[in-house]
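S.K.: Sequence:
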Amino acid sequence: MLPDDTEIARLYAYPDTEHPWVRSNFVTTLDGAAHAADGRSGPLGGEADTRVFGILRSLADVVVVGAGTARAEDYGPADVPIAVVSRRLDIPERLVTPGQLVITTADAPAEELARLRDVVDVIALGTGTIDWAAVLAELGRRGLTKVLCEGGPSLHGDLVDLDLVDELCLTIAPVLSSGDAPRIAHGPTAVDRPMTRGHVLDVDGVLLTRWLRTRA
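Each number in my numbering comes from the position in the sequence shown (counting from 1) with 639 added on.
Everything labelled a hint here was simulated from the structure, so no lab data went into it. Incorrect hints may appear among the rest.
Subject to a maximum C-alpha distance of 25 angstroms in a straight line, what follows is the list of computed SDA-like cross-link-like pairs (lysine to any residue) [as the list claims (entries may be wrong)]: (1) K785 with T744; (2) K785 with A648; (3) K785 with D677; (4) K785 with W660; (5) K785 with G818.
Just so it is clear, the structure is predicted and the values come from calculations on it, not from any experiment.
Whenever a hint applies, use it, and build me the whole structure from the sequences.
M.R.: Quick look at the structure:
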């Protein structure tokens with residue numbers, strides 16, 4: 640049985656830190672697929688994952704998500720600001736609204752960059768690739784220290800590669816999927832980032848896990 644919302648919030652409370660803390664949240668099948676056969680991750684974890692997903696958002700200061708994931712999962716404005724990540728600035732129009740953010744590079748398409756800046760808050764740092772260390776520092780200066788990354792795999796892979804993920808909340812669905820779905824993180828370089836188990840909740844076979852980055 641899943642605990643009540645108050646207990647879930649306690650289990651997933653962010654640590655008390657002045658620096659940005661990056662939590663990522665994903666669901667996978669038993670064989671590691673990051674989405675169901677229909678191409679969406681939302682249905683995989685069922686009601687338990689949906690409840691935890693909502694509480695994780697309520698605990699965050701900002702949700703960071705790639706533009707492709709935002710489109711595939713039909714993201715819209717939420718109670719917490721959504722920061723859409725895109726170097727090409729192909730931002731879903733539903734999220735081009737005051738109160739939302741865009742994260743991109745300083746050399747992103749200038750005309751589109753100017754259009755977006757008229758409507759949303761834009762953080763443009765790095766040339767060619769996003770300077771994530773600088774982005775997180777800028778989020779911290781804005782008081783957005785509780786960062787929740789909801790994917791997709793390329794964005795998550797970048798953060799893992801840079802060793803910027805402090806915590807992973809992973810729901811494991813009791814499903815085998817096969818196919819060629821991506822993992823929750825992928826990139827050009829394989830790395831090992833040791834994690835320590837925070838907790839595991841078993842809700843009718845759905846495993847809700849929390850893992851913390853083990854650092855020297």
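S.K.: Check the hint pairing K785 with T744 against an upper bound of 25 angstroms on the C-alpha distance.
M.R.: Within the cut-off at roughly 22 angstroms; holds.
S.K.: With the threshold set at 25 angstroms, check whether the alpha-carbon distance from K785 to A648 stays at or below it.
M.R.: holds (14 angstroms)
S.K.: Can you confirm whether the C-alpha distance between K785 and W660 stays at or below 25 angstroms?
M.R.: Cα-Cα ~5 angstroms, so holds.
S.K.: Are the Cα positions of K785 and G818 separated by 25 angstroms at most?
M.R.: Measuring from Cα to Cα gives roughly 34 angstroms; hence the hint is violated.
S.K.: Compare the distance between the alpha carbons of K785 and D677 with 25 angstroms, and conclude whether the hinted pair is satisfied.
M.R.: violated (31 angstroms)
The structure is inconsistent with the numbered hints 3, 5, although it conforms to all the rest.
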